[in-house]
Amino acid sequence: MPQPESQKARRKRSLLLKYACLLVVTAIALLWISSATAATPFTDSPAVAENTQWVLLTGCLVFFMNAGFAMVESGFCRSANAITVLAKNLIVFAIATVAYWVLGFGFMFGDGNDFIGTNGFLLPPDLSPLTGKDYQGVFNSLKWAAIPLTAKFFFQLTFAGTAATIVSGAVAERIKFSAFMTFSFLLVLTYSITGHWIWGGGFLYKLGFRDFAGSTVVHSVGGWAALMGILLLQPRLGKYRRFNPDDKRTWRDTTFYGKKIISMPAHNLSSATLGCFILWLGWFGFNTGSTLTANSQAIAHVLLVTLIGGAMGAIGATFWSWQFYEKPSLSFMVNGILAGCVSITASCAFVNIPSAAFIGFCGGVLVVYAAIFLNKCQIDDPVGAVPVHLVCGIWGTLAVGLFSQDPSSYSWSKQFFNLDKGGLFFGGGINLLLTQIFGIVVVGVFTFLFSAIAWIGISYLIYAVSDTSGADFNVSKSLRVFPQEEVVGLDSLFAEGNNIKRLKREYIQAQRQRRSWERKYNIRE
Amino acid sequence: MPQPESQKARRKRSLLLKYACLLVVTAIALLWISSATAATPFTDSPAVAENTQWVLLTGCLVFFMNAGFAMVESGFCRSANAITVLAKNLIVFAIATVAYWVLGFGFMFGDGNDFIGTNGFLLPPDLSPLTGKDYQGVFNSLKWAAIPLTAKFFFQLTFAGTAATIVSGAVAERIKFSAFMTFSFLLVLTYSITGHWIWGGGFLYKLGFRDFAGSTVVHSVGGWAALMGILLLQPRLGKYRRFNPDDKRTWRDTTFYGKKIISMPAHNLSSATLGCFILWLGWFGFNTGSTLTANSQAIAHVLLVTLIGGAMGAIGATFWSWQFYEKPSLSFMVNGILAGCVSITASCAFVNIPSAAFIGFCGGVLVVYAAIFLNKCQIDDPVGAVPVHLVCGIWGTLAVGLFSQDPSSYSWSKQFFNLDKGGLFFGGGINLLLTQIFGIVVVGVFTFLFSAIAWIGISYLIYAVSDTSGADFNVSKSLRVFPQEEVVGLDSLFAEGNNIKRLKREYIQAQRQRRSWERKYNIRE
Amino acid sequence: MPQPESQKARRKRSLLLKYACLLVVTAIALLWISSATAATPFTDSPAVAENTQWVLLTGCLVFFMNAGFAMVESGFCRSANAITVLAKNLIVFAIATVAYWVLGFGFMFGDGNDFIGTNGFLLPPDLSPLTGKDYQGVFNSLKWAAIPLTAKFFFQLTFAGTAATIVSGAVAERIKFSAFMTFSFLLVLTYSITGHWIWGGGFLYKLGFRDFAGSTVVHSVGGWAALMGILLLQPRLGKYRRFNPDDKRTWRDTTFYGKKIISMPAHNLSSATLGCFILWLGWFGFNTGSTLTANSQAIAHVLLVTLIGGAMGAIGATFWSWQFYEKPSLSFMVNGILAGCVSITASCAFVNIPSAAFIGFCGGVLVVYAAIFLNKCQIDDPVGAVPVHLVCGIWGTLAVGLFSQDPSSYSWSKQFFNLDKGGLFFGGGINLLLTQIFGIVVVGVFTFLFSAIAWIGISYLIYAVSDTSGADFNVSKSLRVFPQEEVVGLDSLFAEGNNIKRLKREYIQAQRQRRSWERKYNIRE
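Chains as they are written, first to last, in numbering that gives the first Met the number 0: chain A, 0 to 524; chain B, 0 to 524; chain C, 0 to 524.
Any given hint could turn out to be false.
[To be verified] The following label-pair restraints were derived from C-beta to C-beta distances:
hint	chain 1	residue 1	chain 2	residue 2	range
1	B	Leu460	A	Gln322	50 to 56 Å
2	A	Ala494	C	Ile436	40 to 46 Å
3	C	Leu460	B	Phe323	21 to 27 Å
4	C	Lys420	A	Leu121	24 to 30 Å
[What the hints assert, rightly or not] Which stretches of chain C does chain A cover? Using the computed rule of at least three CB atoms under 8 Å from a CB of chain A, they are:
hint	region
5	212-223
6	289-299
7	321-333
8	384-393
[To be verified] With a straight-line Cα cutoff of 30 Å, these simulated DSBU-like cross-link-like pairs (lysine-lysine) come out:
hint	chain 1	residue 1	chain 2	residue 2
9	A	Lys142	A	Lys375
10	C	Lys142	B	Lys413
11	B	Lys205	B	Lys258
12	B	Lys413	B	Lys205
13	A	Lys326	A	Lys259
14	A	Lys142	C	Lys413
15	B	Lys258	B	Lys142
16	C	Lys375	C	Lys247
17	A	Lys420	A	Lys205
18	A	Lys259	A	Lys375
19	A	Lys476	C	Lys326
20	B	Lys258	A	Lys413
Think of the hints as simulated: they come from the structure by calculation, not from any bench. Glycine residues also receive a C-beta, built at the ideal position from the N, C-alpha and C atoms.
Working from the sequences, and respecting the hints, build out all of it.
Next up, the structure:
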């Protein structure tokens, strides 16, 4: 059990922080002195200019999705945790930027082997303004699109930030701030490795696995990491409790273990709705920008398909949740739109519009069932990140194998994205579907295990750094905030007049209070 | 008078919902099997690529206007109705998407007669990736712009969603959720029909009626539908009440019928202001994207004119409302900007910048007078949708006839938009103005009547489906929520632990309470 | 001391307002009649179209920054002042539009002398659709970029609006609404004059001073005006008070004058975080659009550099404030991102990515120290506008002289922006740095003095117009709202049922109350 930190431990940690900062700054300074940028003979063709504009603007939309995630996740939380969620969503993008710049981009798109890139770390300054084939010795997997390397890096960076953000909502309302920050850094690295397999010319790409804009690469990777996180973290205090004798039991509010599901409703649906619109808008950039070119037909088609997918996801989730809860639910409308968008992400360049409507609709229905199922399993996901990103991410990746049109239908699908044949329902046979299933499993197992190791490693680090005289190591307790902090809300960390010192002083009283909370809310351990 | 639903009636409705879903899914499945997409020989010229990028990006901005409407409308409402408004604004876009995809786009731009399009429903997959003249057998009215049909469809779809959203604010705080959803679907259809007259090559277009980006096509159509809705719905409970003997009467707070106007102030002006900025931004896309090409001069001119129009609208409304209320009003600043934008929408490609400033300024002044006038008529519009969209929509359409420059001034006005001569004040004579007036009247009468039929039809449907043993049919009562639901706020429908069952249980008590409310607030019936 | 206004004084002011409106409208009408727009032979080349699209879309992003400022500033204020801040941010853009259209653009970019432009007021309609060199007799400083003049005007207009908005947050919670509106108008004029020196071909440009996207032109100008404003206005009531005997003194909460710093925490960090994302997004437009062309390499590089700068600013501010306050601070994360963006604005086209990271990081650290320092000086800046825009604006301008790459490194830096040699650390010698320092000082002195004159002039005007029989003239008292209005919150001006009349009635009681407030909060005078 963790003990109150001594003055020494705090000083140790404070020094660690300062050294980390110093390290970053020194690394930058070293690199900056060494980076002689050569003048590059460059002529801008209209096509290059168009492609670059398109990729940069869509990248801006993807960047803006971080605002959407911040609004959706903070809106869905209880008000006493909102500031913490906002802070996590703000800092995570900065952390992802550094991680992806220093290591991730090299891992993902740099030349290397089938499993990891081993070139192009820190975005070599002499390559950065080059376009197309000029950097083929370092980034072979990116040479096909005729835009500057900086533009590609910017676009991919916004994707990495998005993947890191997905976890933030699932682990909200109970995780330590520093644990989340560290995990975000590591997640960007694992995201880059699995991304290499699919987008960086790795073994899954060579097998024929196709994920156009990242149902698997981005969303299900974020989803797996989130799922492992919430399994290790355990549910929020008071989320599942014993039934009192006078409670009315219904199927709806009983878990598979016979506990009562306590609703912890969203505190600001206005934020959440705005966030949903921002995310949907961002998704237009997410999917259409993944063309990395501005082929008119392709981008118009992908954009329309994304819109239809999201709209049908909203309809699916709205009607299904209305049936289940006997009233409309704005939360499920929001998650339905996101579910529709995630579902269509992998296949948006390959399917026709009616298929897109069907895929989105199923995504909307799935998210309702998945959210109910998870809740009944006592897996506590405050914002529904796992149903939306993991479950629909898997469904979207399967949809490529089911609904892809024959490559002769869409000129771009063969030309740019190397789709060899259509899906099961459009005459392409079962091979593509089997490859998709294989890819889902391989990426899932790797990310799930990596996340487990990362979460456990972080919790052990916290255990080791803290002054925990004699207490046993416990993953959940190390990753979580003190129980009384969770009860009063994580924002107490940010509040005026509160600081870590005071929280430590309160810890001893909290030990006593904790036992009473455990009795009252019947927390499982 | 409606009676509490029986268990049977609820089940009947629930079945209806399920069948509706099934129908949609089956229709999609049928279409999807039948849609063989042929490979299309397509070469992207730089011009096509530029036009497509422009139309898609501006379409994204128009899409984002839905977020703006959601923020403005929910912010202007009282807090106990905010979630309902948000949910309406979110689902309405999904509904509009389906309605416009299945029927609306064919009605509006498909070839047919002068009154309605009869071709091109469900966006024929074999046409969708074609550009320009290749689909002239089906969509003759769209063949002039060299961009893929999918891009045009996407852009027009976002417009249809916008028109549907306008109604949502006006009928807020009292309408049944399902009534609004059904009306939205029908509104998209009538929008498409009147749109065919003007943009789809119908009789108004042939007569010379010009509405560049939709002051009439979008805004006043939405405004007419909203006006009919609020006339049939009646004011919110307690909005207009008898004067108590000790109330001070002023001209400002007395209606023409001698009632006292009770202010029901906005609950979140932060949302409303953000929404206003989002709408203004979206309007840049709304007006400039309506060029459907990326003619540099035209888009730069239109964008600037839209900015100036909105800014002058803000100034007009701010000063006039400051004079009237003796203090500044943020609500009127917001509505002034929207009014300026609506006013300039029809003429933005045809007028010079000083005219735009004048048109916007007048729009801002008009919206203040219109809001005061409506309120004194006891027509209750919680967010000011009718003053903004209807009154300024009419003014904007007239402005084309007054301020249009001679077509020789702007190369694009003749070339792309077939403007034959200037307006009354710029040497073009009175003909254009008279045509504009004719168009306003025709579209107004049609939409107003169609809306009446639609609203009454929906209310009868609700009356018929509900278990209303012996009660008389009353439009307002069928469309409105139960009085006690309105008093506690419509969000009770969405609230945790509330559902339709419980609301029914409370109905009998509410009958008694209602009479007391009627006495207290002096509701006119 | 100001006295309650008499009925006469109020009527006088009301007439003044009406005349001002009339004047504007008449000016517009005169111009509008006189403006015969000639048809212009115009052929759109692909390059022109691309450039125009880019500049217009990035201009839209800059426009949207106003929403970001509104959200950040209102979120950082106390809730009883939020509506006032929102209203200021909304109307200021409308005022800036008019000021810049009528005078500013001519002052800034019109041909004239080295100190001010004397041509091109009111955007001459015959020039507006021309591209590139065709308007070289009037706007020589803009002829290099091949886009329509309207596009340039639109882009520059959004910048002027941004500069005006910066002041709004610093003077929040105590300034009179009308004083702020008047100052905004004047600020746009001084912004245009100093802008002429740097971007309009004036003397600083000729000396070799370079400020790519406006660290000095926009941000530090806004910052100087804000600093003078808050020096004249004095701190908010109760911000700094005497220590009570039982207060614990720490270095952190003691000013240099021995007063206690009272924290007045942000009321809506959800708004502020959203605003921060919007501003960061807008900055991508701010910096990349300043190329005024769509050179692929340049825009991709600038965009990436802006992203990295903001991210490193966030990291710098987060860690440094964490060290100082012993807990993370969302406010400093937000201001750190803004600080990073401001810091990189001047040099974004000239520095490499590691330098950008370093510049942004230092900006983030600087903003923490500057905020603490200002607070200890008893200079009360509710939202941190001075640390962010002034301090980092100066640092960013210096960074050009320190970190600029040799012009041979980036093809665009010589070609488009006439950078002659690199900065001190990249072999260019100390000359560029000295020129930058000279420019910072000259612009700073001019803006600071101009602001002083403007603020004092406005306060005297208010003093003269008000009915202040015999009271002494006091700048702070004339510019500030009545004390009791400040104590109940400035939103009382906007609140239902309140108006200036009632506030006057309450004034006499307030005189008495004021003395008690002064005793209680120990206000320094």
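Evaluated hints:
For leucine 460 of chain B paired with glutamine 322 of chain A, a C-beta distance near 20 Å fails the hint of 50 to 56 Å. A C-beta distance of roughly 42 Å is found between alanine 494 of chain A and isoleucine 436 of chain C, which places it inside the suggested range of 40 to 46 Å. Checked against the hint of 21 to 27 Å, the C-beta distance between leucine 460 of chain C and phenylalanine 323 of chain B comes to roughly 24 Å, which is consistent with it. The hint said 24 to 30 Å for the Cβ distance between lysine 420 of chain C and leucine 121 of chain A, and at roughly 26 Å that hint holds.
Only when three residues or more bring their CB closer than 8 Å to a CB of chain A does the claim for the region 212-223 of chain C stand; here the count is 0, and the claim is violated. Requiring three or more residues with a Cβ within less than 8 Å of a Cβ of chain A, the coverage given for the region 289-299 of chain C holds, as 6 such residues are present. Note: the region 321-333 of chain C has 10 residues with beta-carbon separation from chain A under 8 Å; the three-residue rule is met and the coverage holds. With a threshold of 8 Å between beta carbons, the proposed coverage of the region 384-393 of chain C by chain A is violated, since 0 of its residues qualify and at least three are required.
Distance restraint check for lysine 142 of chain A and lysine 375 of chain A: the Cα-Cα separation of roughly 48 Å exceeds the 30 Å cut-off, and the hinted pair is therefore not satisfied. Distance hint between lysine 142 of chain C and lysine 413 of chain B is fulfilled; the C-alpha atoms sit about 28 Å from each other, no more than 30 Å. A distance of roughly 47 Å separates the Cα atoms of lysine 205 of chain B and lysine 258 of chain B; the hinted pair therefore is violated under the 30 Å criterion. In summary, the hint linking lysine 413 of chain B to lysine 205 of chain B is supported, as the alpha carbons are separated by about 15 Å, within the 30 Å threshold.
The suggested pairing of lysine 326 of chain A with lysine 259 of chain A holds, with an alpha-carbon distance near 21 Å, which does not exceed 30 Å. Among the hinted pairs, lysine 142 of chain A with lysine 413 of chain C is consistent with the structure: their alpha-carbon atoms are about 28 Å apart, no more than 30 Å. Simply put, lysine 258 of chain B and lysine 142 of chain B have alpha-carbon atoms about 55 Å apart, too far for the 30 Å limit, and the pair is violated. A C-alpha spacing of about 17 Å is found between lysine 375 of chain C and lysine 247 of chain C, which places the hinted pair at or below 30 Å, so the restraint holds.
For the given pair, lysine 420 of chain A sits about 14 Å from lysine 205 of chain A by alpha-carbon distance, which is consistent with the 30 Å threshold. Distance hint between lysine 259 of chain A and lysine 375 of chain A is fulfilled; the C-alpha atoms sit about 9 Å from each other, no more than 30 Å. Of the supplied pair hints, the one linking lysine 476 of chain A and lysine 326 of chain C holds, its CA atoms being roughly 20 Å apart against a limit of 30 Å. The suggested pairing of lysine 258 of chain B with lysine 413 of chain A is violated, with an alpha-carbon distance near 70 Å, which exceeds 30 Å.
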